[in-house]
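K.L.:
Let chain P serve as the given structure and place chains S and R on it in line with the hints.
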Amino acid sequence: MYVAVKGGEAAIDNAHRLLADRRRGDRSVPALTLDQIMEQFALGVDRVMSEGSLYDRRLAALAVKQARGDLIEAIFLVRAYRTTLPRFGYAEPVETGRMLVERRISACYKDLPGGQLLGPTFDYTHRLLDEELDGDPEVEGGRTREGAAEPVASVADILDGEGLIETDGDLLPAEPGDITQTPMEFPLSRAMRLQSLSRGDEGFLLALGYSTQRGYARSHPFAGEIRIGEVEVEVFVPELGFAVPLGRVQVTECQMVNQFKGSAKAPPQFTRGYGLVFGQSERKAMAMALCDRALRAEELGEDVVAPPQDQEFVISHCDNVQATGFVEHLKLPHYVDFQAELGLVRQMRAEYAARQADSRSGDVVADEVQEAAE
Amino acid sequence: MLSEANTLEGGFSDPVLDAQSVFRALMDAMARPGSIARIEASMMPPAPLEPAAGAVAGALIDADTPYWLDSALDGEKLRSWLAFHTGARPAASLSKAVFALVAVPASMPPFERFAQGTQEYPDRSATLVLQIEDFDGGAPLTFRGPGIKERVRIAPRGLPADFAEQWHANRKRFPCGVDLVLTAGDAFACLPRSARLIPAED
Amino acid sequence: MTAAETIVARKDRMAVLARSTNAGLQELWSRLGVGPAYRLLRGPEFGLVMLRGRIGGTGDAFNIGEATVTRASVKLEDGSVGHAMMLGREPAKAELSAVIDAVCRDSGMAARIDRDLVEPIRLELRAADDTRRGQTAATRVDFFTMVRGEN
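Residue numbers (my numbering), protein chains in the order written: chain P, 812 to 1185; chain S, 62 to 263; chain R, 33 to 183.
One chain only, chain P, in its complex shape:
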């Protein structure tokens, strides 16, 4: 039960002012600029874009600043902002095969066309804190290597040559479902699941993806390919009659390749899980691909035995804005509910005490019966 209460305006106003003060912190320390956040906190900004489901680095940086670095709060701010803008249209699907690649690796083939391109990765760092970064040391630019870059082939295409891997199918004329427009009804199409996963919480998907590797879903994945880079975006504009190029966005794509022993529905082959997220978010793209594959259990005729294979469980709980809302609503006044429960617990206590008193008067008899039985 809820009751309308008034009061607290001054307290709230002062709390907001205090929040602004704490956000700014020590005034002798220079204020952060959005450019600093975008440039030097780039992966945090990318996470906010990806889970905020809005590609705009500057806005994401502003949200990070406003949220004092609390990324989930920043994601919430970005989601709220997007509801204030009209949607002008739907872009043509991006072609990741034509990406300007900044990183591309495969754990399946050592020598695939285009090579293993490490890019700006943490992978081979020693994870030792670098005290030099406490200052502002001179940093050299990246080295460059001349020579015509080989086209970067996709691993799926290589396996496809042998017919050992499932194909993607075609681009269908029907519009894909959109979770921002229609209430969720399970089962969801794979397109709608991918949309949910792409904006889903990295930590939640990471944990679920991890669980699939530890046996909570039959999953034997290989990182078929991970690529990070920029893709062109085009949108059809009716008054022009052609698709207008809007610029480029950076995305991370992951193809997980899973050995599949076959089922009544499909022959033995390699199946795939797919991940595609805004910005440079490799962990998230990999976790998304693992979850996507696990969620295809039913489609592929596998038994649904573990949480990561359960659409309703995964999709209903992967959104950190929704999750935050429901968990944090517990902070709202529940004074009346609690009074009611307090009354109930008191009553149950009284009844319990009465029962105890009753049985105590019969204790002597019970003890005698007990002894006789022994």
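Wrong hints could be hidden among the right ones.
As the list claims (entries may be wrong) - A short list of chain R residues far from chain S (calculated; beta carbon distances all over 10 Å):
#, residue
1, Gln58
2, Ser62
3, Val113
4, Gly120
5, Gln167
Said to hold, decoys possible - Label-pair distances were calculated between CB atoms; the ranges are:
#, chain 1, residue 1, chain 2, residue 2, range
6, P, Phe1149, S, Ala216, 53 to 61 Å
7, P, Gln877, R, Asp161, 28 to 36 Å
8, S, Asn67, P, Arg954, 55 to 63 Å
9, P, Phe1149, R, Ala124, 52 to 60 Å
10, P, Thr894, R, Thr53, 23 to 31 Å
What the hints contain is simulated information worked out from the structure, not anything from laboratory work.
Beta carbons: idealized from backbone N, C-alpha and C, even for Gly.
P.N.:
Quick look at chains S and R alone, frame taken from chain P:
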């Protein structure tokens, strides 16, 4: 080139404020079924679409609401105009339309052929914008229902001949069913599905 | 030029303008000394475009998430209409891009703008891409086999 520019003009002069004021007027009219209101914002849609119907389209239709046009309206010019000013595209079929713009209601398809919504989502139904000849001079209709004090009478001219029958059937589908916006020139009135048509008493 | 060629040229120009910086674009434009009178038909205004990917990389479409865009449409005094839509929230850049699109409806002006404004930006963008490609190429692993085991 001039014809291109033509379809790019005649929209709201202040897109944000004009759309808001029309939306507000529509909301009020929807809350008071049968009351006749006027569009304040300037709107010059290509003929034969009239200002009120154009303003309703400008305020309500967008990229996420496919529309349907009757044969009197359908044409490259209006499609281009709607595309530019609202971002909307024509619906793949009649039953997929979220809004329908009708210039000749007398010969339009029956209401039941448009989206009716579902029991779970009655809001997934079509809103039909019917451009009538006049709010006067037609057969008098008396309505009761939420938002109507006692009863309201209007006499719109140019509705389908079997309007009464169709509206009773629409009412029977409640909570599903279509909602109507009647327009004439710069005037409009709303008939939500909750409005019940009752026999005239005098 | 045929209609198809015009569209290709127009798209090409739009792609470059979309990726330009506002400061750089304004600078080149002011040097061009073209200042047509125009009227805004729409915008510049912010909105969203839903971005899409393809399932598995080459399959059916799915929605990834939205991106902010800015669009503008203008009409010159001679009746020429120009449009612009681009990622981000930069109204001045979108408005100028729409003006450039309108001015380029005249093929003589288009040639001049392509040469003096679009081409310099394109070269700059291409150089940046080349640098990036070269930096990525430097992180390519050159495998060399030390010993190959027989079993």
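K.L.:
Compare the structure with the hints numbered earlier in the document and write down the numbers of the violated ones, lowest to highest.
P.N.:
Hint 3 alone not satisfied by this model.
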